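Asker: Now for the letters of each chain:
Protein chains: 2
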Amino acid sequence: MNIQVYMHPSFNTWKYIIKRPIKDISILTDSVTPIINNVKKYGDLALKTYTKKYDNFNLKYIQVTEEDINKANIKISNCLKKSIEIAYKNIKFFHQKQIHEESKIEVLPGIICWRKSVPIEKVGFYIPGGSAPLLSTVLMLGIPGKLAGCENIILCSPPNKNGEIHPSILYTAKYIGITQIYKIGGAQAIAAMAYGTESIPSVYKIFGPGNSYVTIAKQIVSQNGIVAIDIPAGPSEIVILADNTANPEYVASDLLSQSEHDMESYILLVTINESWWIEKVKSELKKQLINLSYRKNIMKKAFEKSKIIVFDSLEEGINLINEIAPEHLIINCNNAIYWSNKIKNAGSIFLGNYSPISIGDYATGPNHVLPTYGYAKSYSGVSVDSFIKKITFQKISKKGLRNLSKCVDVLSSEEGLIAHKKSINIRLKK
Amino acid sequence: MNIQVYMHPSFNTWKYIIKRPIKDISILTDSVTPIINNVKKYGDLALKTYTKKYDNFNLKYIQVTEEDINKANIKISNCLKKSIEIAYKNIKFFHQKQIHEESKIEVLPGIICWRKSVPIEKVGFYIPGGSAPLLSTVLMLGIPGKLAGCENIILCSPPNKNGEIHPSILYTAKYIGITQIYKIGGAQAIAAMAYGTESIPSVYKIFGPGNSYVTIAKQIVSQNGIVAIDIPAGPSEIVILADNTANPEYVASDLLSQSEHDMESYILLVTINESWWIEKVKSELKKQLINLSYRKNIMKKAFEKSKIIVFDSLEEGINLINEIAPEHLIINCNNAIYWSNKIKNAGSIFLGNYSPISIGDYATGPNHVLPTYGYAKSYSGVSVDSFIKKITFQKISKKGLRNLSKCVDVLSSEEGLIAHKKSINIRLKK
Numbered sequence: 040m041n042i043q044v045y046m047h048p049s050f051n052t053w054k055y056i057i058k059r060p061i062k063d064i065s066i067l068t069d070s071v072t073p074i075i076n077n078v079k080k081y082g083d084l085a086l087k088t089y090t091k092k093y094d095n096f097n098l099k100y101i102q103v104t105e106e107d108i109n110k111a112n113i114k115i116s117n118c119l120k121k122s123i124e125i126a127y128k129n130i131k132f133f134h135q136k137q138i139h140e141e142s143k144i145e146v147l148p149g150i151i152c153w154r155k156s157v158p159i160e161k162v163g164f165y166i167p168g169g170s171a172p173l174l175s176t177v178l179m180l181g182i183p184g185k186l187a188g189c190e191n192i193i194l195c196s197p198p199n200k201n202g203e204i205h206p207s208i209l210y211t212a213k214y215i216g217i218t219q220i221y222k223i224g225g226a227q228a229i230a231a232m233a234y235g236t237e238s239i240p241s242v243y244k245i246f247g248p249g250n251s252y253v254t255i256a257k258q259i260v261s262q263n264g265i266v267a268i269d270i271p272a273g274p275s276e277i278v279i280l281a282d283n284t285a286n287p288e289y290v291a292s293d294l295l296s297q298s299e300h301d302m303e304s305y306i307l308l309v310t311i312n313e314s315w316w317i318e319k320v321k322s323e324l325k326k327q328l329i330n331l332s333y334r335k336n337i338m339k340k341a342f343e344k345s346k347i348i349v350f351d352s353l354e355e356g357i358n359l360i361n362e363i364a365p366e367h368l369i370i371n372c373n374n375a376i377y378w379s380n381k382i383k384n385a386g387s388i389f390l391g392n393y394s395p396i397s398i399g400d401y402a403t404g405p406n407h408v409l410p411t412y413g414y415a416k417s418y419s420g421v422s423v424d425s426f427i428k429k430i431t432f433q434k435i436s437k438k439g440l441r442n443l444s445k446c447v448d449v450l451s452s453e454e455g456l457i458a459h460k461k462s463i464n465i466r467l468k469k
Numbered sequence: 040m041n042i043q044v045y046m047h048p049s050f051n052t053w054k055y056i057i058k059r060p061i062k063d064i065s066i067l068t069d070s071v072t073p074i075i076n077n078v079k080k081y082g083d084l085a086l087k088t089y090t091k092k093y094d095n096f097n098l099k100y101i102q103v104t105e106e107d108i109n110k111a112n113i114k115i116s117n118c119l120k121k122s123i124e125i126a127y128k129n130i131k132f133f134h135q136k137q138i139h140e141e142s143k144i145e146v147l148p149g150i151i152c153w154r155k156s157v158p159i160e161k162v163g164f165y166i167p168g169g170s171a172p173l174l175s176t177v178l179m180l181g182i183p184g185k186l187a188g189c190e191n192i193i194l195c196s197p198p199n200k201n202g203e204i205h206p207s208i209l210y211t212a213k214y215i216g217i218t219q220i221y222k223i224g225g226a227q228a229i230a231a232m233a234y235g236t237e238s239i240p241s242v243y244k245i246f247g248p249g250n251s252y253v254t255i256a257k258q259i260v261s262q263n264g265i266v267a268i269d270i271p272a273g274p275s276e277i278v279i280l281a282d283n284t285a286n287p288e289y290v291a292s293d294l295l296s297q298s299e300h301d302m303e304s305y306i307l308l309v310t311i312n313e314s315w316w317i318e319k320v321k322s323e324l325k326k327q328l329i330n331l332s333y334r335k336n337i338m339k340k341a342f343e344k345s346k347i348i349v350f351d352s353l354e355e356g357i358n359l360i361n362e363i364a365p366e367h368l369i370i371n372c373n374n375a376i377y378w379s380n381k382i383k384n385a386g387s388i389f390l391g392n393y394s395p396i397s398i399g400d401y402a403t404g405p406n407h408v409l410p411t412y413g414y415a416k417s418y419s420g421v422s423v424d425s426f427i428k429k430i431t432f433q434k435i436s437k438k439g440l441r442n443l444s445k446c447v448d449v450l451s452s453e454e455g456l457i458a459h460k461k462s463i464n465i466r467l468k469k
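As they're listed, the protein sequences go chains B and A. Just so you know, the first sequence maps onto residues 40 to 469 in the working numbering. Just so you know, the second sequence maps onto residues 40 to 469 in the working numbering.
The set of hints was computed from the structure by calculation and includes no laboratory data. Any given hint might turn out to be false.
No copy is singled out in the list; a pair is fine if it fits within one copy or between any two copies.
Claimed, not checked - Here are the simulated lysine-lysine pairs, DSSO-like style, with alpha carbons at most 30 Å apart:
no. : residue 1 : residue 2
1   : 213       : 381
2   : 120       : 213
3   : 87        : 120
4   : 344       : 54
5   : 445       : 120
6   : 469       : 91
7   : 438       : 62
8   : 79        : 131
9   : 429       : 62
10  : 80        : 62
11  : 429       : 161
12  : 120       : 469
13  : 54        : 79
14  : 437       : 87
15  : 131       : 429
16  : 161       : 381
17  : 121       : 131
18  : 80        : 155
19  : 143       : 185
20  : 155       : 185
21  : 185       : 136
22  : 161       : 58
23  : 321       : 114
24  : 54        : 161
These numbers come from a predicted model, not from an experiment.
Can you make the complete structure from the sequences, with help from the hints?
Answerer: As structure tokens, this is what we get:
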């Protein structure tokens with residue numbers, strides 16, 4: 040494990056140090072496009088063919104039966120059930136504070152305008168399969184979706200070699216109230232949710248993480264159809280800003296925790312500390328990795344591109360971090376709130392020595408579906424807002440219309456839109 | 040002017056009646072991609088070359104000078120200035136109510152989480168040129184952008200044959216406080232704002248309407264770079280729902296006002312009224328069109344695809360409209376608010392006989408940048424929200440961490456993420 044250390048890099052080198060791997064989407068697009076087109080054209084038949092090909096299972100029924108969902112209940116330990124309940128409560132508590140009712144506004148006498156939050160009627164979740172069932176993502180998507188009031192929520196996840204979805208995903212989905220579940224994975228699941236098949240209804244917005252095929256498929260369908268997607272996705276990211284109050288043992292454990300997601304994970308430590316502290320972090324990384332046999336190869340690979348950047352001042356560190364716009368940022372410094380107020384670009388910020396990302400990944404309340412790859416410069420993470428749109432309303436009286444008619448007459452004339460002003464004048468001629 | 044009338048169409052024919060023209064983006068993509076690549080590679084040189092080619096002007100300086108902006112002030116009539124001021128006030132008044140401060144939430148003892156709205160640091164506006172200076176769009180983008188607190192706002196607009204931007208655009212921009220203005224139009228302007236050139240700084244989000252080249256360019260840069268865009272754009276849309284309280288004269292004037300935007304405008308009248316009322320609307324359209332010489336050809340073309348759909352009940356009309364998800368909807372019915380509460384999908388809704396869209400386009404307060412092409416199923420119009428992102432924060436104490444550690448231990452084990460739970464346990468071992 041050999042992390043590259045950059046000592047006091049000058050501003051013009053920053054962009055090389057912080058840059059993310061370039062996305063070459065053309066090859067992936069070429070392999071995903073026919074999948075999408077075939078699902079659009081052949082529906083369920085294409086879904087079954089791809090499931091045979093990629094998941095190695097002959098699917099008879101695409102939808103998970105009520106019986107299967109109920110069976111999951113038996114397979115889940117009480118201890119897991121209790122933990123899901125705790126996480127559920129916290130996530131719900133945090134997200135329900137995001138709901139605001141806006142009042143009607145009398146802009147001028149006779150001109151009343153307002154916005155109304157309306158849930159997106161049909162949404163679809165993609166939950167990856169594989170060895171690790173991402174039940175926490177079911178919570179992170181399902182809870183705000185239900186709070187927003189989405190009427191139709193469907194979920195797709197690839198089946199395992201026995202043609203089943205992991206019981207903890209089924210249990211969690213049912214716990215939230217999602218029972219339309221389909222055993223389809225990959226780009227074909229995204230296409231099915233975008234265009235609909237005989238079994239799977241089309242939706243208006245698709246949420247959820249996935250491998251690079253799923254990610255590209257989400258981009259393609261959002262480009263060509265009228266389906267929206269949550270956030271453009273990339274590998275997981277951690278940046279830590281540390282001063283001498285940061286415990287090297289904890290810092291190492293946070294870097295390691297992020298590295299187990301993906302060998303493409305983006306891992307960066309920014310510090311003003313002296314070399315003994317940096318050496319201590321490095322030795323801790325080695326030491327702690329020994330006890331992490333399970334995903335060691337992924338983690339080692341992820342650390343090949345990791346970096347430690349040393350500055351003279353925290354201000355410089357903050358400036359660099361604002362250029363990065365990391366998904367997760369730990370500010371492990373004295374007066375962490377003060378420094379966090381200088382952050383302009385980040386997905387989620389964790390403050391102090393006792394706020395590891397992993398607790399937030401599961402159970403504190405805020406969402407873990409966050410913008411990566413620099414998208415935190417313009418995107419927020421998932422929240423109740425992601426499941427609603429706001430419709431504006433205007434109710435104008437004849438008097439209100441008269442009061443503004445001169446103004447609109449002048450402005451629409453300037454823009455050369457004569458029929459616009461006529462539609463007002465015709466109402467006032469009597 | 041020959042509008043097609045559909046009498047009581049059955050549900051399975053709806054999708055054919057309401058469908059929008061298919062976007063074939065491949066040809067446009069092929070012509071826009073080299074423009075984007077050249078701007079990325081050659082910067083200002085490419086911008087000047089394309090301005091010569093498409094706007095027929097040899098541009099010496101790309102940025103509008105302070106002197107030019109000040110000169111615009113002299114060219115604008117007091118009457119226009121007054122109208123801009125009135126619109127500005129109303130738009131600002133409506134949009135500033137969209138700003139909510141969220142409070143910190145103690146999810147559990149020792150676990151404090153919150154969201155903070157942070158303005159997008161750098162945003163760019165595209166304002167189309169041509170005969171009609173869209174100064175109202177400068178207001179509709181600039182006011183929420185400034186209210187959100189965006190630090191850097193730039194504006195691109197193509198120059199006319201004298202190499203100038205229309206003074207009413209310059210005046211309005213300056214009025215709002217936007218002074219970084221560039222004389223560049225088309226796909227090249229979008230590329231410049233996405234990637235930056237010597238003269239034009241790159242931004243994080245691009246807003247504003249444009250022709251199909253501009254629209255495709257926005258899509259391409261949002262796909263390949265890390266720049267976000269406001270809303271996928273399409274031609275302007277009007278749907279009117281009318282009962283026997285609707286005045287056919289007013290209804291005709293509203294349909295006409297929308298048709299003057301674009302010959303691709305989407306125009307639909309949904310009604311439960313009898314044939315004499317429908318004939319009256321038709322004859323009004325003909326009569327009113329006579330006095331609209333200026334854009335008559337655009338309007339006639341737009342009406343070729345317009346439709347009147349007759350139902351037995353308003354409920355059916357509402358169901359059809361929810362399938363359409365129109366940009367603008369006028370509910371010109373008795374008890375309009377009651378019916379509007381059944382609408383799930385629309386950009387902006389206008390209620391009653393005295394709420395024409397054109398007044399909302401300019402001066403009532405709500406935004407006129409709205410989702411088209413069915414995107415109202417999942418997107419909102421532009422608002423202050425479009426200029427901010429929300430960062431989540433978590434501050435956890437050792438006690439708070441301990442309280443949730445068991446829960447996260449169980450959940451992360453289930454997901455096979457062992458380093459996650461270790462990053463918590465290491466903090467609690469003492």
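Asker: Now tell me, hint by hint, if it's right for this structure.
Answerer: Hint check results:
1. Taking identical chains as interchangeable, the C-alpha atoms of residue 213 and residue 381 lie at most 30 Å apart only when they sit on different chains, with a minimum of 29 Å there against 41 Å within one chain.
2. In this assembly of identical chains, the alpha carbons of residue 120 and residue 213 lie at most 30 Å apart only when taken from the same copy (12 Å versus 59 Å across copies).
3. For a Cα distance limit of 30 Å, the shortest separation of residue 87 from residue 120 qualifies neither inside one copy, at 32 Å, nor across copies, at 64 Å.
4. Taking the closest pair of Cα atoms, residue 344 and residue 54 come within 30 Å of each other only inside a single copy of the chain (15 Å); across copies the shortest separation is 51 Å, beyond that limit.
5. Taking the shortest Cα distances, residue 445 and residue 120 sit within 30 Å of each other only across copies (12 Å), while inside one copy they are farther apart (65 Å).
6. For a Cα distance limit of 30 Å, the shortest separation of residue 469 from residue 91 qualifies neither inside one copy, at 71 Å, nor across copies, at 51 Å.
7. In this assembly of identical chains, residue 438 and residue 62 lie within 30 Å of each other by CA distance neither inside one copy nor across copies; the values are 56 Å within and 42 Å between.
8. In this assembly of identical chains, residue 79 and residue 131 lie within 30 Å of each other by CA distance neither inside one copy nor across copies; the values are 36 Å within and 45 Å between.
9. In the homo-oligomer, the alpha carbons of residue 429 and residue 62 lie at most 30 Å apart only across protomers (26 Å), although the nearest pairing inside one protomer, at 33 Å, exceeds that limit.
10. In this homomeric assembly, residue 80 and residue 62 come within 30 Å of each other (Cα to Cα) both inside a single copy, at 29 Å, and across copies, at 18 Å.
11. In this homomeric assembly, residue 429 and residue 161 come within 30 Å of each other (Cα to Cα) both inside a single copy, at 16 Å, and across copies, at 24 Å.
12. Taking the shortest Cα distances, residue 120 and residue 469 sit within 30 Å of each other only across copies (29 Å), while inside one copy they are farther apart (69 Å).
13. For a Cα distance limit of 30 Å, the shortest separation of residue 54 from residue 79 across copies, 17 Å, qualifies, whereas the shortest one inside one copy, 41 Å, does not.
14. Taking CA atoms no more than 30 Å apart as the test, residue 437 paired with residue 87 passes in neither setting, with 60 Å inside one copy and 50 Å between copies.
15. Taking identical chains as interchangeable, the C-alpha atoms of residue 131 and residue 429 lie at most 30 Å apart whether they share a chain (21 Å) or sit on different chains (18 Å).
16. Proximity of residue 161 and residue 381 under a CA criterion of 30 Å is satisfied inter-copy only: 16 Å between copies versus 38 Å inside one chain copy.
17. In this assembly of identical chains, residue 121 and residue 131 lie within 30 Å of each other by CA distance solely inside one copy; the values are 15 Å within and 49 Å between copies.
18. Neither within a single protomer nor between protomers do residue 80 and residue 155 lie at most 30 Å apart by alpha-carbon distance, with minima of 37 Å and 45 Å respectively.
19. Proximity of residue 143 to residue 185 under the C-alpha cut-off of 30 Å is found in both arrangements, the shortest distances being 25 Å within a copy and 23 Å between copies.
20. Taking the shortest Cα distances, residue 155 and residue 185 sit within 30 Å of each other both inside one copy (17 Å) and across copies (23 Å).
21. When the C-alpha separation of residue 185 and residue 136 is checked against a cutoff of 30 Å, the pair qualifies both within a copy, at 14 Å, and between copies, at 26 Å.
22. Proximity of residue 161 and residue 58 under a CA criterion of 30 Å is satisfied inter-copy only: 19 Å between copies versus 37 Å inside one chain copy.
23. Taking the shortest Cα distances, residue 321 and residue 114 never come within 30 Å of each other, neither inside one copy (41 Å) nor across copies (66 Å).
24. For the homomeric pair residue 54 and residue 161, the shortest alpha-carbon distance between copies (18 Å) is at most 30 Å, but the shortest distance inside one copy (41 Å) is not.
The structure fails hints 3, 6, 7, 8, 14, 18, 23 (numbered hints given earlier, in ascending order).
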